[in-house]
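The listed protein sequences derive, respectively, from chains A and B.
Quick note: the first sequence, position 342, residue 342 per our numbering, numbers continuous.
Quick note: the second sequence, position 186, residue 850 per our numbering, numbers continuous.
Source of the hints: derived by calculation from the structure; they are not laboratory data.
Glycine included, C-beta positions come from ideal geometry on N, C-alpha and C.
Please note: incorrect hints may appear among the correct ones.
[Unchecked claim] Label pairs and their calculated CB-CB ranges:
1) B/R863 / A/D112: 28 to 36 Å
2) B/R863 / A/F198: 26 to 34 Å
3) B/R863 / A/N65: 30 to 38 Å
4) A/G641 / B/G813: 55 to 63 Å
5) A/I426 / B/E777: 24 to 32 Å
6) B/G813 / A/A251: 30 to 38 Å
7) A/D248 / B/E763: 26 to 34 Å
8) A/E164 / B/E773: 29 to 37 Å
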Amino acid sequence: MSVLRTVPMVHFRVQVQTRDAPAVTRAIAGAGLLHLVDIAHGRSPYETAPPGVADLYAAFRDLRNRVRVASEKLGVRLAEPEGSLLDNAGNDFAAERERIAATLEPIEKRIDQLSHAASAAHERAINLAEQLENAQRLRDAAIDGQLVSAAKFVTIRFALADDEAADALASLLTPVPFAIIPLDAREPRLVAIAVANFARPRLEEAQRVSLVRPIRDPSSDVDQLRRDRDDAVAAEATARKELQTARDELAPALVSIGQKVEIATLLLQAQTFFAAAGRFVVISGWLPAESAARLKEKIRAAAGEGAVVDVERAEDVPGVLEGSMRVPILHRNPLVLRPFQRLVNLYGTPSYGEVQPTAFFAISFLLMFGLMFGDVGHGAILFIAGWSLFRYLPQYLDYGILLMEAGSASMAFGVLYGSVFGVHTILPTLWLEPLHDMQRFMMTAIAIGALIVTTGLVLNVINTWRIGNVKDALSGSRGLFGALLYWVVLVLLARTFIAPAYVVPAWLIFSLAAAAVAVLVAGRPLARRFEHRRPAPVVRTSPVWLTLLESAIELVDTLFSYFANTISFVRVAAFAAVHAGVFIAIFTVADTLAHMRGGGVFSVGVHVAGNALMILLEGLTVSVQVLRLEYYEFFGKFFRGGGEAYVPLMLRHEPAESLGRKHA
Amino acid sequence: MTHRAYGFARLSAQRSSLLSRDDISALRLTSDPQSSSRAASALAIDTERKRFNRLIARYRAILRCYRDAAPLVRAFLRFHEVENVKLIWRATLRDVAPERWRPSWRDLEDLAEVAIDSFPGVHTLFDVVERLRGTPFEQIAARIYRAHGTDLGAAELEFDHWASMQAVAEIESLDKSESLARQIAEAMVRQRDEEIMRRGVSAYGLSPEFVDAQRALPGRRTKADLPALCRRAFRGQAMSLAPALAYAALAERDYALARALAERGGDSELDTAADAVAGRGGG
Chain A
1 MSVLRTVPMV
11 HFRVQVQTRD
21 APAVTRAIAG
31 AGLLHLVDIA
41 HGRSPYETAP
51 PGVADLYAAF
61 RDLRNRVRVA
71 SEKLGVRLAE
81 PEGSLLDNAG
91 NDFAAERERI
101 AATLEPIEKR
111 IDQLSHAASA
121 AHERAINLAE
131 QLENAQRLRD
141 AAIDGQLVSA
151 AKFVTIRFAL
161 ADDEAADALA
171 SLLTPVPFAI
181 IPLDAREPRL
191 VAIAVANFAR
201 PRLEEAQRVS
211 LVRPIRDPSS
221 DVDQLRRDRD
231 DAVAAEATAR
241 KELQTARDEL
251 APALVSIGQK
261 VEIATLLLQA
271 QTFFAAAGRF
281 VVISGWLPAE
291 SAARLKEKIR
301 AAAGEGAVVD
311 VERAEDVPGV
321 LEGSMRVPIL
331 HRNPLVLRPF
341 QRLVNLYGTP
351 SYGEVQPTAF
361 FAISFLLMFG
371 LMFGDVGHGA
381 ILFIAGWSLF
391 RYLPQYLDYG
401 ILLMEAGSAS
411 MAFGVLYGSV
421 FGVHTILPTL
431 WLEPLHDMQR
441 FMMTAIAIGA
451 LIVTTGLVLN
461 VINTWRIGNV
471 KDALSGSRGL
481 FGALLYWVVL
491 VLLARTFIAP
501 AYVVPAWLIF
511 SLAAAAVAVL
521 VAGRPLARRF
531 EHRRPAPVVR
541 TSPVWLTLLE
551 SAIELVDTLF
561 SYFANTISFV
571 RVAAFAAVHA
581 GVFIAIFTVA
591 DTLAHMRGGG
601 VFSVGVHVAG
611 NALMILLEGL
621 TVSVQVLRLE
631 YYEFFGKFFR
641 GGGEAYVPLM
651 LRHEPAESLG
661 RKHA
Chain B
665 MTHRAYGFAR
675 LSAQRSSLLS
685 RDDISALRLT
695 SDPQSSSRAA
705 SALAIDTERK
715 RFNRLIARYR
725 AILRCYRDAA
735 PLVRAFLRFH
745 EVENVKLIWR
755 ATLRDVAPER
765 WRPSWRDLED
775 LAEVAIDSFP
785 GVHTLFDVVE
795 RLRGTPFEQI
805 AARIYRAHGT
815 DLGAAELEFD
825 HWASMQAVAE
835 IESLDKSESL
845 ARQIAEAMVR
855 QRDEEIMRRG
865 VSAYGLSPEF
875 VDAQRALPGR
885 RTKADLPALC
895 RRAFRGQAMS
905 LAPALAYAAL
915 AERDYALARA
925 LAERGGDSEL
935 DTAADAVAGR
945 GGG
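Generate coordinates for the entire structure from the input sequences, incorporating the hints supplied.
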């Protein structure tokens, strides 16, 4: 059952001579299979990396940064590094660094000169355009620059200022005599600032600490400025053209350097994870068991018979079962489960060895969504929306699949309810109508809740057993004992509150209770038999009666929480009733409008808008409620998490889901 | 309220002195003046970085726990970010290569509004203004460019004044019940005002009268000094914003001390970078 387990992993350890390390790293990156492990386990990788790797890695990171800056200045888009380049690249990173630096330097210099010239030309063109505009405004205001400069007893300056800046300037100029005269009405205003000659230094300093925009040369000739502006615009165009020519000329070289640098940086980064031991390098990582032979072959091809490869099953690696060593996980789910995998990952990444909950999640999600949103018409619309996404917008593939599946569930329950856009006369009601048979529906919802809670408890027993904690798996309050007790109380409650037709026989209740007692009694001896580890010495810090009391309270508390979780599923019935109720509201409003003059159109409008709103808002609400039930009432029972996604060293990043298909 | 109590507890846990015991014993172990100087230099730059990281961590914690105070905290963070903007402004005017001004950049990590990588290929002030588009500095940078052009002193003073005024605007909007927090925040702004005053007169050659006009909090003085205010904040003010601001103020003081230590500690890399950007030889 591959959907219940992640892909089995093996630990892959390679020992090669230091001189072969670059070639082996290339082979590993080319294969795209090995999820590297920092072999120093928590210490800095630089402490164990082969000699010189850390320095080279730093040098290539610097080169990568320089290439990125140069390409950004030139407006060149760097391509992603590809595996095909591997064969052409050398293994001597030091020599490669020298070659790349020698090629890059003149390119950087030329780009810098050209972009500098283009920037300066652009700034000049903008400034001249502003000066021209200011000169025109002065001319429109009939200001004679020559006359103003010739003034003997006053200093007059022109500036652009908004009210705030003008007020600030005025307060700075006080107490000397001054005048700020607005010359036009445009914002920011053109103003003339006049002070007596003796106060000129104060004006100049005040201008330095205010935000008025001074017009430096009021006597500028407008025609000359226009010519200068045109020249500057032409110079800017020339500079841009030169930059464009350089772009066409330099782009291929820059892209090629970028690729080489990216690959080398990636490979060197990988090597910082390796451990150096004398003349040898040890590489450690994880990969899917079925791919181990393929990688072994590639490494042998790169390093010859000198490579020592050691492959070990994840279960046999010390620390994996105890959880001190993390094994990356890779899912291999069918396409229909892909969107649900995403939703599971939103909650957390399951750890290796845990039962994969995606299939359970998908089934319960669709069941509850269908129950709450059951309608053939609404389901069909969701399905069509999903199919459209699936067909025309492949980037939203997961959403498309999810909508199609949710739509199908909705249609299936719509058939059972006999509901098509809320109309119950088209199809016969095969099961029930939520609003008219509420009590039965609530019981069904609680039964589904009990089933999901039980599934959660069973999964917890399996997960706890798998990590070797047999005692808790059997006699823990969240283990088999707790599950059996939950069922005993559940059937006792059922006998009290529901119709005799559904009542379970007494022998079954006794059997469940007997099984619970048996599990409690046999838990410790069975744990000793199966746990394969030395039992921890019993250290009593409190008297037996207190321990028993604590355990009893914990058990009662846990049982209460199970029943609270179960009752929580009543919301499934409540939201189904809301769905039916909103239909009634829409029909009532539409009918009222239909009886008015010309109300037919409004009535149709209410039907269309009401259904659209229902699909959007209620669909969203129902989805959130289902997720809430899944995450809190179901996952809370068994999900351990803390896993790590499988991310192998490769030149092109691929999401883990697609890797699952690649390995399949 | 629980957010605030949590924030108080969390921030209390971050209190510590400027130099650790290990740092001091490392200095003591040196045997000659040269190695002492080298150790002090390395320690100074390391301490400065650590202090700044701690300051940023403290602001981040405050932002997380005191969400209603976020605008004020962001205004205080802008005091540091405006230094980065001034740095790139200076570097562009003096045509300093990026590798020379990068060591002086204050890395505000995820709290930064302006990224250091936003400035490749910047050659003119106009380019800088363009790159600041979409940041809180967009408007002020454009106005300063138009008003002061290449007058670096005036531009820097204006940037500082603007950053202080942003903080003052946020202080004004604090709730009336936060009087101690207001006093602490004002004291922080006032300290900065003093620093701007000093710089305006000594570095930019402006007269004291005009620099005084750039004070964000003119004329208003409080009798209590900042450490005294902080001490008051730590006494039974767990539900107020005051302890958080007090911790920020203390971290700011620590960082200022560490920075002074780094700038005067003989760290050649930082000194060269600072000289280059400030136009003191080498450029």
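Checklist entry - Which hint numbers does the structure go against, in order from smallest to largest? => result When the structure is compared with the hints, only number 5 turns out to be violated.
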